[in-house]
Each structure stands twice: as structure tokens, then as C-alpha cells.
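So the sequence lines, in the order shown, correspond to chains A and B.
Here this note's numbering is used: the first residue of the first sequence is 2, the next is one more, and so on.
Here this note's numbering is used: the first residue of the second sequence is 911, the next is one more, and so on.
These are calculated hints, taken from the structure and not from any lab test.
Certain hints may be false.
Said to hold, decoys possible - Listed next, the stretches of chain A that the computed footprint assigns to chain B, with coverage defined by at least 3 CB atoms under 8 Å from CB atoms of chain B:
no.: 1; stretch: 18 to 26
no.: 2; stretch: 31 to 42
no.: 3; stretch: 57 to 68
no.: 4; stretch: 90 to 100
no.: 5; stretch: 119 to 133
no.: 6; stretch: 344 to 357
Said to hold, decoys possible - Distance condition first, Cα-Cα at most 27 Å in a straight line; then the derived DSS-like pairs of lysine-lysine:
no.: 7; chain 1: B; residue 1: K1147; chain 2: B; residue 2: K1007
no.: 8; chain 1: B; residue 1: K982; chain 2: A; residue 2: K60
no.: 9; chain 1: A; residue 1: K414; chain 2: B; residue 2: K1002
no.: 10; chain 1: A; residue 1: K86; chain 2: B; residue 2: K1147
no.: 11; chain 1: A; residue 1: K286; chain 2: A; residue 2: K375
Heads up, the beta-carbon is just placed ideally off N, CA and C, and yes, glycines get one too.
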Amino acid sequence: MSNNEIISELEIVVGERYVSDQPELTYLYHYDFITAEPEGRCDIVIIPGSAEEVQEIVKIANKYKIPIVPWVTGINFGSIATPRKGGIVVDLRRLNRVLEVNEDDMYAVIEGGITWAGLQGFLEKYHPNLRAGITWSPPGTGVIPSCLCYGMFDLGMIGGSGAEFINGLEVVLGSGDLIKVGSCSLSNYWYGRQPLPDLAGLFIGWEGSTGIVTKASIKLWPKLPFREDYTGFARTVDQGFPVLLKLSKAGLGICDLLLVNFGWSQSIQELYEKNVVIDAVKDKKPDCISLITTQAYTEKQHIAQCEAIIDICNEGKMRLLSASDGVEGVKPPPVQYWNFWNFTRGGGGQWIGSYCSTRDVVKYYNISREICLKYGKPPQFYSRLMFGGHYVVARSNVNFNKNDPEDIKTTRKILQEIHEAVQKLDGVVMYKPPLWAVKYYKDKTLPSTTRLINKIKKVLDPNNIMNPGQGIGED
Amino acid sequence: MAKKKREKKVKYIRGHGISQARLSYEIHNLKRYQNLEHYKDVFYQCGKCGTCRTVYKDAYWSCVCPSGEFGKFESYYLGGKNLLVWALTSNKLNWTKKVAKIFYQCSVCMACIEQCQIPEIHSFAGEWLMAMREEAVKLGYGPMPEQQLYTKNIMEEKNPYMEKHEDRLKWLPSHIKQTPDANLAYFVGCTSSYREKTVAIATAEILNTLNIDFRILNDEGCCGSPVYMTGQVEKAKNLAEKNINYFKNAGIENIITSCAGCYRTWKDIYPNKFGFDHGIDVKHLPEFLRSKLKNGELIFDKELKMKVTYHDPCHIGRHMGIYKAPREVLEKIPGIELIEMVRNRHNAWCCGSGGGVRSSFKEFSAFAAKERIKEAKETTAEAIVSCCPFCLNQFKNNIENNEIQAFDLSELIRKTIL
Ligand code: SF4
Ligand code: SF4
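For reference, chain B alone in the conformation it holds in the complex (with noise of 0.2 Å):
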């Protein structure tokens, strides 16, 4: 058990879970994404005390972890599946179906990792919660019957739509202006291609009204987090190296996400899991555009009166540390208020949509979106905005009675320069 100061290269994201009262940091030596092995002297350090089940100390002590709200039984909660985790690699349990299930029945949202106190645990428990995934697939136990159906079409048809990759860019209307030589693509993405064309279409307008020269790759394939994301290695590094060479073939050097799941996997799984180091520049919308708002290119004409909260995507928050950026750049729209709900940044609630979960556990997906929906609504908000095309589409399939609003920050934007 090696001892060292916390290491500069390895991920960490700051939550406030971690006390501040830390004086020193000896942590082991671990680099991310490996395999259970390598983190095999942590499992066992976790007590179980259950403070990976709530907001540590702000936010009013609220649940965070959708898997262990909805399950109940502790193996549901982190600490549970840390405990899972020794006794499967220590013998003292077998692997089962029943085992794979309930490591699938999560979102990999880590909100739970963020309240951890252990440092090992609150720095690395992502990696083995996908590490078990990836145990799965090796042993037959995973993924579940409807990750397998829709991995099957994104090999095929590259989407987990059911839908023909030939009416991938049906939204495009004819109105965007593309630049053929464009180094900069707009990756579009499989849900804004499909489900939430709004999307696609107010990000490439957005594009046309800045001037800036992008184009749209026409055979861009899913991205492959849907596929990654369930353990799914191999065929996720197969997809990750077609679009890559597609795409540096093609010219590209800088690449515009709508989704924050084909954010994270370009930006990190890519180069930092599968090791292919694509040399592009991967921006989500919200960092390009605050960019744009801070160099005066961006000037929203309209005012839009509205009262809006913002729901932090997993995957540019927690996952990748993206919090600030979207806010600043709904704050500087004319009109918009924003609030805060209780669970917000680090802290927030997952809209349950992730993770292979709402293909899979459908009820238990609705829950966390629901409950999200509860918590927007409780701040009185008129809209719930995000940068995710999924987190929107999981919204818009979950509000009731036009309870509340939801919109893409792209949305949004179009509003008010169009």
C-alpha cells in the first residue's frame, strides 16, 4: 500500500464532501480506469456508514443516490456495491445475474462517490462501479436484454434509436449554411439526431448567426457511450476508432457536443480509457459559447422573461467538472432567472436517464426523473433548462399535465438572437 500525496494527473473533482478539515492527503497510489485488481485494497475500506446515501452537510442532508431510493436494500447504495465488490473479488460471494442487475440498476451518476469520505473512495469508485460492469460482460451476466437489442442496432445502424442511420440527418433543414473545408464539426449526436431535433437545429443556427465555419460529418455514427457505458469495451473502442479516423480523415480539428455523453466520451473515455489520443479539440456547447459571450460575438438580441432552474448533466457535471459555464451563459440571457434547486452542481440529482438505465429499468428510471421534475417545480421555476439532449428527452418524457417546461440551453439561446 503505497503512500504519496494526491497526485496531480489523476481526475479529481473537488466536492465538498471531502471535510475541510483534511490536513494531509496519503492516499494510494491508483491510476483511473483499470481493472478491479488494481483497486482491490479499497473495497474493504468503506464502513458502510451510509453517508454516500445523502448530501454531506449542505444542501439539507437530501438523498442523492437514485439506485438506493429506488432499490431501498442497502446492496443498492455506493456502500453497498463496495461491499458487493470485496466479497465478489474475495470469493466470499458468487457472481449471479441477480449480482450484475443490481450493479446495472445505476446511473454511474456519482453523486454517492462525491459525498464519500474516504478519499480513495470519493476519488476512484467510478472506475469499479464500470469495472463490474465490464466483469459482467466478461462472465455473460451483462449487459441487460435491452442494452444488447439497442447495442446490436448502434453496431448496425450506428444509433440506439431502432432508427436507420440513413435518416441520421433528416433535422438538417436546408436553411444551415455548412463550410465544406471546415476544420470545426458539429457532433450532433445520436438523441438530438433522432429524438430532440430542436436541438440540433437551434445549435447549428446558433453557429450560422456567429459566422462560424463548421460543418456536419454525414456519416457520424453514436459516439459510443451507451455501449461503453454498460461495459461494453470492446465494441465501444471499435465505434471510438471509426469515428475518430472518420473524423481526422475528414480534417477535423475541433468538435462542437450537444450531449454530454458524446462530451465525456470524445473528451475523456477516448483518449483516457480506450488510449486513443485523437488530438482533437472537444468543446461542449455552453464552454464554446461563454467563450463567445466573453469576446463580445455573442449578443443576445431578445429579451426572454422567464424564471428557469438549471439541472447539471452528470456527464459534464460530476464526471468531467463542467458546472459554471451553462450558468453563466443562461444568467448574461435578458429576462432569465435563475434559481437554484436544492441539489445543484456536485450535488445534483441524476434525471435518471444514464447508464443504460432507461432502456433497462424503466420504472426506476421514471423515478429519478420524476423526482427531479418535483424538485424543479419546488422552486417555482416556469422551465427546467440542461445541456443534454438525453437529460431533455428524459424530462419531456416524464413531466405530466405540462407541469413544468424543459428546454435545451440551446433552446433557449435560439430565443433570443434569432
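Chain A with its partners taken away, still in its complex shape (with noise of 0.2 Å):
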């Protein structure tokens, strides 16, 4: 079959303007921009513009068997959204409306394509008092994606990663068949995934290899009327860390805590990588920066919270400034933006970003950090506690010129380094893993789960046709 004949078909369903096998608008599809892993092959995109229509895009795409792989921005650190077998890219973007906003339950329902920029844009104007967790990811990245690849908020002290955000599921399968997951399969009502079975973990951490999710419902919470920003200096990670755990283990309101080395608060600086100290702990410089994040609802607990952090880190000599106190650099963004991500002037950028137990942070930055040295590249490092100090993230990051061959090849040596090196940390498990990682992950695993896995893949997407060469399922 030619391109041309399923185009006709797809033409039929969504229109002629929203579907393309034009090298100058599939292009834009093929590739993540921004990683060091290889380019793929868009070779048809869509816009679908309701999950009907998603649903007859997939029933084509098994009619032939070209691969079909979900897309809403397609910048993903494991370049989950290269389409790595050519086929159909669906770009989510029409569906791009929050439904339904209940204040009393505190979620939204949202379509499968809608950003961090409309969610929050659409919470500032119709519901100030509520917020969503903001990821520090550029504002035009999707708010599904972000929570079905395990990403997390500057709320993930009390709401764990975005998976644990997620309340119900509207899904298109690989079969083409539409279900709904949690308590908006029987109701009118998207509160959560309780005490059905839950189903949503057959589309969490998936890569999109077992269907579409068109709509979903996200947890929002209340915006307290009493907030501090703090900011905390160690000398380094070792001694700052520790400080950080006692902090998570002791309420205090706190709904984020974060830790940056030097080298990427370097980053956030717009500074030019080639003009930074590489070695901040040689350098005698702050290798470990916090982000503290604190709310209350009365002045008096506020206070009271205040000083009990403050007690804290002093105790632990982390020198804190606060944005109340006027300093206004030290508010952390709204969002990430890219220029983060522009350490080099050159545009790439990766990570082994990983989940882990918080008694191995301060090994797995020590690690990473040695042989990003050893590259004379500055060692990046950015750490959360989640969900009340139960778990961990810890993230390497590595910027790269995309315009450079060789710095690319050093690039995807670092990382395949560090991950190997931080595997030995037993609980280490990379979160967006790219090809690579996962098959790494696949040897691990028992081989009864694999089996699992395998099986459950089968059921949902009979052809393989979601996403594939991600190295879900028998890929």
C-alpha cells in the first residue's frame, strides 16, 4: 500500500487540512530536537480532532499495520516520542480543552494534548484558588505525557510523581477500542482510580506502546494564602542532603524540596558551559542548592513552620535566603524554560534521571559527578524528594551541541557511563529510559513479569502498532 492510499483514508476522518506526508511538516515529527539519541521516521502525521477521530486513525493503522506513535510536544528526554519505526505521528494538539473543572473534589478534565501553558493558563483565569503541580519543563510540553512518564511537580512532597496525579483515564487502545479507567467508568465523577481495579498502570510508564489517552482527570490543589520560598546553601551535596531528608520527614507544609549542584544552577544562570567552573567542589564553591517550598493556611502556622525549617538548617549549616525577604532570584521559575537547557549554545541536552531510595542520592550524584569530570563536562545534578521524603529523584544531566558529531558521541558515552555505574545502587530505575536503558531494565527484571509485560501488550495492542521499538512488549 502507498502512502497515498492510507492518507486517503485518513484525509476521510480528519479533514484534508490535518494530515500530511510532507517532508517539510513530518520532519518537525522525526526527531526530538534535543536529545542524543538517534533520529527516527515520520511518515505521515495527523491532528486528530476528538477521540472518535483518534479512534478510526488507529483502527486504519492496524487495517495496515503501520506503526502509530502518540505525540503532544515530542520533547522527551528518552525520546520517547520518535517515532522509531517510521509510520503515523498523531500530534495531539487540537485536543487541547480542559473540560470540567470540580473545585469540590479538586481535579480537572483535561484533553489528551493540552500543555502546561493552557492548564495553568486556564486555572489563572477561571479558578485562581487552585493549582496544578508545575513541572519544570517549558510550558509548551504536555501535561499527560509529563504525568504518564512519571514526571514530577513542584508539588511532589505531597503528591508523589505525576502518575500518582492521575485520578481516571479516558484511552484509546491499540485495538482501537475506547475504555475509560477509575471512577469516571461509572460515573459522571473523575475523583480517583479507587477501589476499582486499577487499570491506569496499564498505561503508566508504557511510552504510549499500549494507546492513546484522550482525556484525563488530574488532581489540583488548593492555593494557601501563606507561602515562602527558601533557598538553601551547603558546601556540599554530602552535607546538604541529610538536611534535606530531616526536613521531609517533618511536615512543616513543605510541598517541595529540591536540590541542585552548582554546576546546573550554573545552567539556570544562562551561562555559556565552556566559561563555568567545571569543579565546584574544588573550586570551594556552594555544591549544594535548595529549593524549599513551604505553605500554611494561617499566619500562625506559617510562622511557626518558618521557624522550624529555619531551625533545621541551621542546624545543618544550610544557609537559607528567602524570597519574602526581597530576594526576588531566588523564586524559582514558574516553569522550565529551555534556555536550561542551552548550557552549551548548542541545543542538546539529556539525562539519566532516575527514582530512587533517598539512602542512595548522595552515592548516585557522587558517581555521576566523577565521570562527568572525568569528560570535562560540569557535573549537572538536580534531586526531589517525593511524597513526603518515601522516595527519591535524582537526575544527571548532560548538555551537548547537537551540531556537533563528536560532542554527541562523548554525550551518549556519559550517559551509558553513568547509568551503568549508578545500576549498581540496587533501586536505581531510570524513569523515561530510552531504548538502551529499557532493554538494560528487561535483562533485570524476572523473567515471569517480562512474560507479564509481554502478554498484557499483546491484549492491548494485538499488532504492535503503539509506538514500537521503544522496547515495550516483544520489540
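From the two separate chains plus the hints, produce the assembled complex.
And the structure:
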């Protein structure tokens, strides 16, 4: 069959205007334009306007057995939205509405292609007393992909990872069937996934290989009247992290607890990697910079919480600056802007981003630090304590010049070396993993677990058309 | 890749797009108005992050890019365009007519550029959006057929409206007093001369009321903006040269403009892009009127009870940084209540007429205009006021059933002083 035949069928579904195989349009969908992962191939791009249209597209893809890749913004540090085996990229950007906000149960029902900018703007305009978690990815990135891929927000301490923000889903399966998951499958309410069998797990962490999520309900949180953002400085991560760990277990209205090293802080100052301090420890710079956000309902409560935070930090020799003292610069931005990632002035960036035990963060950092230094790159590290301190995210960022093949090669080496080395710490599991990391975990998991994953994948996507080539199932 | 502090001479319109968290500026040493080669180390800095699609941080993160919102595919947004430029300049993709069309289906309104957080893109992307059009012309893929048609008329009849040059001054009523030896010229522009004549009349009457010595030059011709904006630099240069010689030979030292495009072309493009240092002082009408308000010469005699909203024309706003003057004048008119649209000043949504799109991409152009009209109506204003006859004409053509009125600032002022 030719592209033309498929396109004619797709045109009937979405209209001529929203489907194309022209290179000047498909080019933007063949690669994420950020990572050091290989480029892919996009044969056709289509922009559906409803869940029904998504269903029809999936049915056509099944008929011709051609791959189909769900896509919102297509920047993902695991290169997950890159079409590895060609086929149709389904750009969900027209599914960009907030369908409902339930202020009592505090959730928003959103469509599959809504971006953080879209959600944030809607809440600011119509529900200013509620907030969504804000990811530190750019405002143009997708809310639902972020949640499905275990992204994290500035409410990580109270809400956990993005996956834990999901209350319910509407999904077009790889077979073309449409299903609902959570309380919405039985009622008009989208308040949660309990107490039914929790089918959301069939789509979370599967990298779009089991279905296309067309709607989701995500948790919102009240904006409390009192808030303080502290920036804490300690000499080293070894010294600073235990302070954060202590804070995480003390309550104190803390909704976000974050640590970055000096290298990462240089990137957000829009410095140029070639001109920065490479080894902050050797240079005696504060290598542990933390962001602590606390909020409260009453002033009395707020003052008490802040005092306790200050005491704990003082004890641990962490120096604090506060945003409300007028140090505007220490107030974290509402979203991450791309310039964080343009540290090399070459527009390339990738990470080894992992979930791990709070016990291993410092070790993780020191391992990745040594490897970056070996290659002459400033180590960049970022860690967030999650869900009341139950687990932690640890991330080593590497920036590179995507116009320089040598730099790309070196970056790949650094990333793989870090990955291999941190795997020696038990419990380090990469999120948004690229293909090579998925393969590693497949080999490591119990064979019976892998078999179950493969079986599930087959049931949901019998023709293996959903985002193939990312290593999920028998790929 | 040279490192340097922000270059003072580089025009840098500060928007809210660039973060307050910035502590240092290390940007490429770039000049404006260069060819693609000059910017080649910047295109790939773009991460396709999508920040350029919406207002950064304020105005409810509203959409800013008419081209992207209409075209939908990634290629129509600035990020897509940057990466297409990278692909085309590094032989990853070939030039075709369709590629050129993507670059032409954009009003070069610069709203996207205002939002991007990469300093080099934030400061210079407008340059390569234009350089791509120049390249398209060189390769024979541009301009678009309708643009070729109006260019022909401009070269022959000095206007893009398919009108005769001899009819250019037909708008001019006999009661307008001109001073034959005045060194101030009112540069009327094609749109006010042929399509929005009340703007020309109002402007001339205001100048008369203020007892300003001025004249209108009989042989004034198109400033060349519609030609330059479609990548036809040599032809636009030719028009510039003719205009400059004609005005200089007539002893003109000062120009007042009605049209935002004419203003930018005379003030910025002639000297900075074409290198014609004409030495004529160019002022846009609201700037001129603001100075007259400040020195007490402009006095509003009548009240004009009206709720209005102000639309920032891209060519005086983002391109030239004029946001305050029109607002200061408007707000001084007794009875006028100015209500801002959500997207205003550097974040204003383009009316969809500029950059050659109105002639070649009619549906796209109307989409942009209707979006702005809808936003204006949401303010509850009775009228959209602008400082550009081309924006005005665009609004009038797209307003349905008198849903809202549209005026040029000059038309409102005329009502209050005559
Ligand atoms: S132009 Fe700037 S804002 Fe737009 S995608 Fe590229 S980097 Fe992001
Ligand atoms: S210049 Fe205007 S129309 Fe063109 S890409 Fe930028 S925002 Fe869109």
C-alpha cells in the first residue's frame, strides 16, 4: 500500500487540512531535537480533533499494520516520542481543552493534548484558588504525557510523581477500542482510581505503547494564603542532603523539596558551559543548593513552620535566603525555560533521570560527578524528595552541541557510563528511559514479570503498532 | 562562537519573555539584518520547546502565534521554522515551493520571538525569518503569486492596490492648507491614500488645527514595505532610493507617518537594512501628538464618551518599541475609557494583515483578524483603536454585523478638536 492510499483514508477522518506526508511538515516529528538519541522517521503526521477521530486513525493503522506514535510536544529526554519504526505520528495538539474543573473534589478533566501553558492559563483565569503541580519542563510540553511518564512537579512532596496525580483516564487502545479507567468508568465523577481494579497502570510507564490517552483527570490543590520559598546553600551535597531528608520527615507544610548542584545552578543562570566552573567542590563553591517551599493556611501556622525549617537548616549548617525577604532571584520560576537546556549554546540535552531510595542520592551524585569531570563536563545534578520523603528522584543532566557529532558521541558515552555505574546502587530505576535503558531493565526483571508485560501488551495492542521500537513488549 | 556582554547597539526590545532570573548575558556577537550564514550557530539552539507558542508567564499563557494556531503543524511555529532553517542550511532538507510557503504564511509579527527564552533567538529570530524570504526569492520560490502581482503594480503605479498613481491624491479635500516650502512632510502611505482615506483626512485636519506647517508631496510612492517584507530586497531598495531622493530634493527634513509599516520602513529599514542614512527625522503620528499634548498645543475641546481598546500594530510595537505614546494620547481624550485586551503591548496578537499574508493567505489572514476582534469584544469595548490604516482596514473587512467599531487614533482625535 502507498502513503497516498492511507492518507486518503485518513483525510476522510480528519479532513485534508490535518494530515500530511510532506517532508517540510513531517520533518519536525522525526526527532525530538534535543537528545543524543538517534533520529527516527515520520511518514505521516495527523492532527485529530476528537477521541472518535483518534479511534478511527488507530483502526486504519491496524488495518495497514503501520506504526502509530502519540505525540504532544515531542520533547522527551528518553526520546520516547521519536517514531522509531516510521509510521503515523498522532499530534494531539487539537485536543487541548479543560473539560471540567471540580472545585470540591479538586480535579481537572483535561484532553490528551493540553500543555502546561494551557492548563495553567485556564486555572489562572477561571479557578485562581486552585493550582496544578508545575513541572519544570517548558510550558509547551504536555500535561498528560508528563503524568504518564512519571514526571514530577513542584508539589512532589505532597502529591508524589505525576502518575500519582492521575485520577482517571479515557484511552483509545491499540486495538481501537475506547475505555475508561477509574471512577469515571462508572459515573460522571473523575475523583479517583479507587476502589476498582486499577487499570491506570496499563498506561502509566508504558511509553504510549498500549494506547492513546484522550482524556485524564488530574489532581489540583488549593492555593494556601501563606507561602515561603527558601533557597538553602551547603558546601557539599554530602552535607546538604541529610538536612533535606530531615525536613522531608518533619511535615512543616513543605510542598516542594529540591536539591541542585552548583553545575546545574550555573545552567539556569544562562551561563555558557565553556566559561563556567567545572569542579565546584575543588573551587570551593557551594555545591549544594536547595529549594524549600512551604505553605500554610494561617499566619501563626506559617511562622511556626518557617521557624522550624530555619532551625533544622541551621543545625545542618545550611544557609538560607528567603524569597519574601526580597531576594526575588531565589524564587523558582513557574516553569523551566528552554535556556536551562542550552548550556552549551548547542541546543542539546539529555539526562540519566532515576527514581531511587533516599539512601542512595549522595552516592548517585558522587558517581555521576566523577564521570562528568572525567570528560571535562561540569557535573549537573538535580534531586527532588517525593511524597513526604518516601522516595527520591535523582537526575544527572548532560548538555551538548547537537550540531557537533563528536560532542554527541561523548554525551552518549557519559550517559551510558553514568547509567551503568549508578545501577550498582540497588534500586536506581530510570524513568522516561531510552531504548538502550529499557533493554537493560528487561534483562534485569524476573522473566515471569517480562512475560506478563509482553502478554498485556499483546492484549492491548495485538498488531504491535503502538509506538514500536521503544523496547516495550516483544519489541 | 564569541562571547560578549549584551551589545548596546543591537536593537533589543525587552519583553517579559526573558526571565527575571537572568544573571548574566553571554550571547553571540551578532549584527542585525545579515544573511542566513551569519546566524548559522543559533538555529539549532532551538529545542522545539514550544515556549514561543504562548505568552510567557502572563496574559493567561494565551496563544501568540497566528501562523501556528492556523497552520497547526509544528513547522508553522517559530520553533518549527528555526529547525527547518537549520535543516535547509545544513542540507538535511531541500528547498521547495512548499517550504517557501511555510515561511510566507507568517506575518513576521514577532510575537513568538518575544517569548523565546534563548537570548539569541529572542533578539534575532526576526532577522532570519526575513532572510529566509530573501533566500526564497533568490531561489525562485518566492514571493507568492499575489505578492508578485502587487509588486508589479507598486513598481509601475507606486501602490499595491492595483490603483493608478494619478489617483493617489484624490482623497485630499480642498480645505486642507499646505505650506509649499514646509520642511515637514506628511507621508500618507498607500492604504490611507486609497483605502482608508478618512485617516489621511483626519491627520491633515489635525495638523491644520495645530497650525503645523506641512505639505504632502504629489509624487509620494509606496514606501516599499510590502515589497521588502516579502523578501524582495533589491526592488524595495530601489523604491527606497527613489523616495529618499525625492523627499530630500524637496527639502524635507521631517516626516510624519500614519501607517505603522511606512514608519518602520522609513525609520529602520531604509537606514539600517539598506544603508541609506537619509537623515530625515521620522515620527509616527501618536509620537508627534504626544509631544504636542505635553507642550500644551494639543487641547481636546470636546468629550468623546466611548469605551475603547487599543490594538498594538506589530510594526510600531514589537518592531519599533512604541507602546506608550498611543496610549498616553488616547487616555487624555476626555470621555475615553481605555480597556486593555488580555494580549497587549509586546504580547499583542497580530491583526493578520502584514508580511504579505493578506494578499496571499486570505483564510489565514481572516482567522487572525477574527481572533483579535473576538478578544477586543471580550473587553466590552465599543471600538478597537489602532495607529495603522492597514490594521484598521483589516478590522473593518473582518468585523461582522457591526459587532464592534474600528477607528484609527487620528479619527478619534479629529472628533474632539474640530
Ligand atoms: S524558538 Fe525558542 S521558544 Fe520556540 S521552540 Fe525554539 S527554543 Fe523554544
Ligand atoms: S512571526 Fe508571528 S506569525 Fe510568524 S511565527 Fe512568529 S508569532 Fe507566528
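Review point. What hints, given by number in increasing order, does this structure fail?
Key: Hints 3, 10 contradicted; others consistent.
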